Every structure is written in structure tokens, then in C-alpha cells.
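Undergrad: Now for the letters of each chain:
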Amino acid sequence: MSDPSSIHPSPAGGEIAIDCKRGLNEPSPLVPLGPILRLEQIWVRFGQRVVLRDITLEIARQESVAIIGESGCGKTVLLKTMIGLIRPSLGRVIFDGIDLATLTEPQLAQVRTRFGFVFQQAALFDSLTVGENVAFPLRHHTAKSDREIRQIVLARLAEVGLPPRVANQYPAQLSGGMRKRVGLARALALGPEIVLYDEPTTGLDPIMSDVINELIISTRRHHPVTTVVVTHDMRTAQKVADRLIMLYPVERLRPDEPQILYDGPTNQVEAAMDPRVVQFVRGEARERLLELQEAQDP
Amino acid sequence: MFSSEAVRPSKSGISRWNLEVIIGNGLARVGEWVLKTLEELGQITLFTASTIAWLFRRRPAVGTLWSTFFQVGVRSMPVVALTGLFVGMVLAVQSYAQFQRVGMETWLGAVINMAVIRELGPVLAAVMLAGRVGSAMAAELGTMRVTEQIDALTVMGTNPIHYLVVPRFLACLLMIPVLSIVADFMGVMGGYLYSVGILGIDAHHYVQNSAEYIKSFDVLAGIAKTFFFGAAIALIACYQGFNCRPGAAGVGQAATAAFVIAFVVILILDLALGIVIERVYLSLWPEGRKLL
Numbered sequence: 301m302s303d304p305s306s307i308h309p310s311p312a313g314g315e316i317a318i319d320c321k322r323g324l325n326e327p328s329p330l331v332p333l334g335p336i337l338r339l340e341q342i343w344v345r346f347g348q349r350v351v352l353r354d355i356t357l358e359i360a361r362q363e364s365v366a367i368i369g370e371s372g373c374g375k376t377v378l379l380k381t382m383i384g385l386i387r388p389s390l391g392r393v394i395f396d397g398i399d400l401a402t403l404t405e406p407q408l409a410q411v412r413t414r415f416g417f418v419f420q421q422a423a424l425f426d427s428l429t430v431g432e433n434v435a436f437p438l439r440h441h442t443a444k445s446d447r448e449i450r451q452i453v454l455a456r457l458a459e460v461g462l463p464p465r466v467a468n469q470y471p472a473q474l475s476g477g478m479r480k481r482v483g484l485a486r487a488l489a490l491g492p493e494i495v496l497y498d499e500p501t502t503g504l505d506p507i508m509s510d511v512i513n514e515l516i517i518s519t520r521r522h523h524p525v526t527t528v529v530v531t532h533d534m535r536t537a538q539k540v541a542d543r544l545i546m547l548y549p550v551e552r553l554r555p556d557e558p559q560i561l562y563d564g565p566t567n568q569v570e571a572a573m574d575p576r577v578v579q580f581v582r583g584e585a586r587e588r589l590l591e592l593q594e595a596q597d598p
Numbered sequence: 003m004f005s006s007e008a009v010r011p012s013k014s015g016i017s018r019w020n021l022e023v024i025i026g027n028g029l030a031r032v033g034e035w036v037l038k039t040l041e042e043l044g045q046i047t048l049f050t051a052s053t054i055a056w057l058f059r060r061r062p063a064v065g066t067l068w069s070t071f072f073q074v075g076v077r078s079m080p081v082v083a084l085t086g087l088f089v090g091m092v093l094a095v096q097s098y099a100q101f102q103r104v105g106m107e108t109w110l111g112a113v114i115n116m117a118v119i120r121e122l123g124p125v126l127a128a129v130m131l132a133g134r135v136g137s138a139m140a141a142e143l144g145t146m147r148v149t150e151q152i153d154a155l156t157v158m159g160t161n162p163i164h165y166l167v168v169p170r171f172l173a174c175l176l177m178i179p180v181l182s183i184v185a186d187f188m189g190v191m192g193g194y195l196y197s198v199g200i201l202g203i204d205a206h207h208y209v210q211n212s213a214e215y216i217k218s219f220d221v222l223a224g225i226a227k228t229f230f231f232g233a234a235i236a237l238i239a240c241y242q243g244f245n246c247r248p249g250a251a252g253v254g255q256a257a258t259a260a261f262v263i264a265f266v267v268i269l270i271l272d273l274a275l276g277i278v279i280e281r282v283y284l285s286l287w288p289e290g291r292k293l294l
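Chains as they are written, first to last, in my numbering: chain A, 301 to 598; chain B, 3 to 294.
Looking at chain A on its own, in the form it has when it is part of the complex (with noise of 0.2 Å):
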């Protein structure tokens, strides 16, 4: 296999393509051919029980999707198996021409630096500051100085509305608000071409989620990223995505039924054929109403 910093894709999509050593700002040199992640009949199964029966679907490049379901559907593990956190027992993920299950390790590693991901808790690191979090990717896969970091590490907490003297503070001494913002400069920090969002607005109150979700929309409109958001808060999806994928949990399927329920425009999902889909963008939709109800009249 030859170097993984310098893997091109040919035209035509057979080989590999990675670049990982793009300055920050460089645009991907593959521009808008075909699409950007291609999951192709995964299967994941944990012992017996099937969590992802046979998902097939493409994200294209700078679409903002959103995957919707309830607790437990494979949500998450789908994200997950997007960036190969998880691999699937069956079936091929393939990001930007590359078939993550037949790289290595290190090259995988190497294709990881192209994505961003946003954890659900944030997951910081607890034993560093702020600025050391979103410094961590920089550090380790660039050969910036420390004065460079730095900068980029402001600039980056500035994009997410965090003033300087965060930087210096620890995740927690953060609210949970703050912590997810903190997540979201780390994300970008390496400049990704994709940006994975695990539940980012679970946990935070309304107020919270639309800032979020604005964060969501900016970083879309700053930066030519590819958004893929795991939610099941029906207005967070409906705000920062144009498609919306529904998953279904696989033990309520019956062995024929397709695991994704619906797979368009965010704007016509009101009028999904399946009653499930819209029982579920109701049934989110009231009670976001009576969450917002409680907020304002506590």
C-alpha cells in the first residue's frame, strides 16, 4: 500500500483517495464529484442482536442530513460506523472514493483527520484546558508552532462563541452548553470536510439547542462541511438539515420492511406515507411544544 498522506483518488473512483497534510484552509483538490460517503448494505450486529439491518444510502458533499429516530434505533452506532468507530459485520463504508475496511490502521487514522466529530457529552478531555482540547488534533497532526496554534485555537473559540479566557479553563468548570461548544471548536480545528453530530442538543434547554443549532448552520456557512446530525429532536433536525433519513429499530421491523422508514427533504416529511414517520415528527413536535411551555412558565 503506498504512503497514506498522499492517496489520490483516480477519476473514475477505483483508488484510494487521502490528502491529510491540506492546510487548514485548502479546499478539498476533489470537488463536487459524486458523493462525499457511500454506506453500502451495512450490517452491524453486537452478539445476536441486529442493531443496522442492510442501510444503503449516499451523502453528497456540503449536504447537511439529519437521522432521526427514536432511543435505540442504531442512530448513533450508524454515525459511529460512518467514521469506523464501528465496523460493520456486513456491508462497505466508503468515504470519498475509499473503502475504510480495507485500510490499515494508521491510514485510517490518517482518513479520520478529515472528519470532525461532535460527541454527545463533548467528551474533552478532562485533565487538559479548553485550549488544550482544541489544540489536541493541531498538535498532533500538523507541524504548527505553538504561536499558530494558539491563534487558531482563539479563532476557532471565537467561531463558537467562547471568549479567550476559556481557553485556559478546565471542561469542568464549563456548563453543559459551553462543553458541546468546546467540542464543536475541536471539530472543526483540523478543518474537516465532514462534520458528524452525535445528539448535539440533548441535555440543554431550548434556549441552549437553538444556539446550537445556529452553531450548526454558521459552521455550515463558514466552512465548506459536509453535516451529518444525529437527533431525535424533530426542531433541531428540521432547522439544520435539508434531508432527513428516519431509522426504524430493527426488532419492530418485520423481515421485509426496510430499516430507513423515510429518506427525502426535511420540508416534506409531514407528508410521509408511512404512519410511523409521522406519528414520530408529531409526537417530537409536542413535546418540544411542552418542553418550551415548561421553559417559559417554570
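By construction, these hints were calculated from the structure, which means they are not laboratory data. You may find that some hints are simply not true.
Said to hold, decoys possible - Computed, partial: chain A to chain B, Cβ under 7 Å:
no. : residue
1   : Ile383
2   : Ala409
3   : Arg412
4   : Thr413
5   : Phe417
6   : Phe425
For clarity, every value in this text was computed on a predicted model and none was experimentally measured. Ideal Cβ placement from N, Cα and C applies to all residues, glycine included.
Once you've looked at the hints, dock chain B against the given chain A.
TA: Showing chain B alone in chain A's frame:
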């Protein structure tokens, strides 16, 4: 799998069919346990292989390494020294009456120092390290697993084994011989101080008899053992942390398991290495050890 109803014996006693079900269930459980154990062993082997591969692939950051060395080595020093000191003194207390009866009090030093240098020093240092550092490592890495910090490292393209396990492995591997030397020294001192200072044994003969029976081979063999102990403690603790179950209970279980498994492994390794070391000794000095 058989239903629980099926294994329940009938009122008239255990019928042949029920007996077959009970035996079948029992065999299924044993099979399940064997498979699970083999799977676990396979995973530990892969984890160890990966750690050793990363050890040579890329050097860990100096800053990370120093702070881990400090945590493992310097912070463990007082407790290891104290334990060694008291063990030496306790050995003197326990052995004195026996030796006094046959008028061999001055030989007490030989016995105490042999026990401390060959066995107790290295094993005590290892046990203290497993208790103080091993369980803390498992809890720390377990918390990182539960809060997805290990996944965060992976998605940022940093290998968690290289970043988290290798420094801890190196720290345990390289600091435990130092801790063992401290335990040895303090054990020897404890035995000497109690025997000479409190029991009134003649210092000159105590030291002379000790020197006669303790060879540098014993000191080196004791220290050599600690490398195995250190590696085992680090690998077990990190493996438990990495494979921690979700939640606070999972972290607690990982910490407990890290200590208990490491403790048992230390004892097994001590026996195995003791046998090997004795063989090596006999091959070097076929006349065997000097009798008291």
C-alpha cells in the same frame, strides 16, 4: 437454550428427561464460559501485542511520559517504603522467638533479608503498585471510555493505545524495579532496626550472617521479576479500563477487577518466575544454596 421450567425437577423426583436437561444446561454453561474465557484471552493478547507494537512504532510525548512516571513512581514511593519497613520489622518479631530457642538469633538477619530481597520486596512493591496505581489507571481509563474520551481520541486520528497505554506501560515497567529496591532497602532496614535496636541482637553478627547468605544474584533476580509484574499490572489495568462497562458501576467494577486480577497474576508469575530463577541458579551454581 433450555427453559427454566424444563430444568425444574418433578415432584416425584428427577426424571431421566429432566436429568438430561440439567446435564445439557450444565454443559452449555461450561461451553459458554470456555468460549467467553478464550475470547477474553484473545482480546488481552491482541491488546498486549498492540501495546508492544506501539512501543516501538513511535515514542510517546516526553511531557506525558514524565507526568505518568511521576504518578506511578514518585507518588508510590512513600507507601512502598512504609510497607517495606513494617514488613521487615514484623518478620523480626515473628521469627525471633523461634531463633532464640535454638540460640541462633544472629541468623535472623539472613532469614529476614532473604525473604525480603527474594520475595517480599518485589511482591509487596508489585501489590502496592497494583492497588495504588493499577486500580486508579483502570478507573481513569474506564471513565474515559464511558465518557467517550477514548472514542474522541480515535476519531481525531490518535491511537488511544499509543497515547494512553504506552506511557502507563512504560511507567509501570521502569518504575517498579525502583520501587522494589526501595521496598527491599526499607525491609532490610526495618528488620535490622528492630532486631538490633529493640531485640538487642549483635549488629556485627547480624550483618555478617546476612551478607553471607544474600548474593547479588538474589537481588538481581528479585528486581528481574518486577519487570514482569510491572508489565502485567499495566496491561491488566489498561485492558480493564478500555473494556469498562457503561456507567459508574462499570468503572467501579473495572477498578476492582484490575486489582484482583493483577494480584492473582502477580502471585502466579511469582511462583513461575521463582521456579525458573531457581533452575537458573542451580545451573550456575550446581552445589545449590548454602544451608543455614
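Undergrad: Honestly, which of those hints from before does the structure not fit?
TA: No numbers; nothing is violated.
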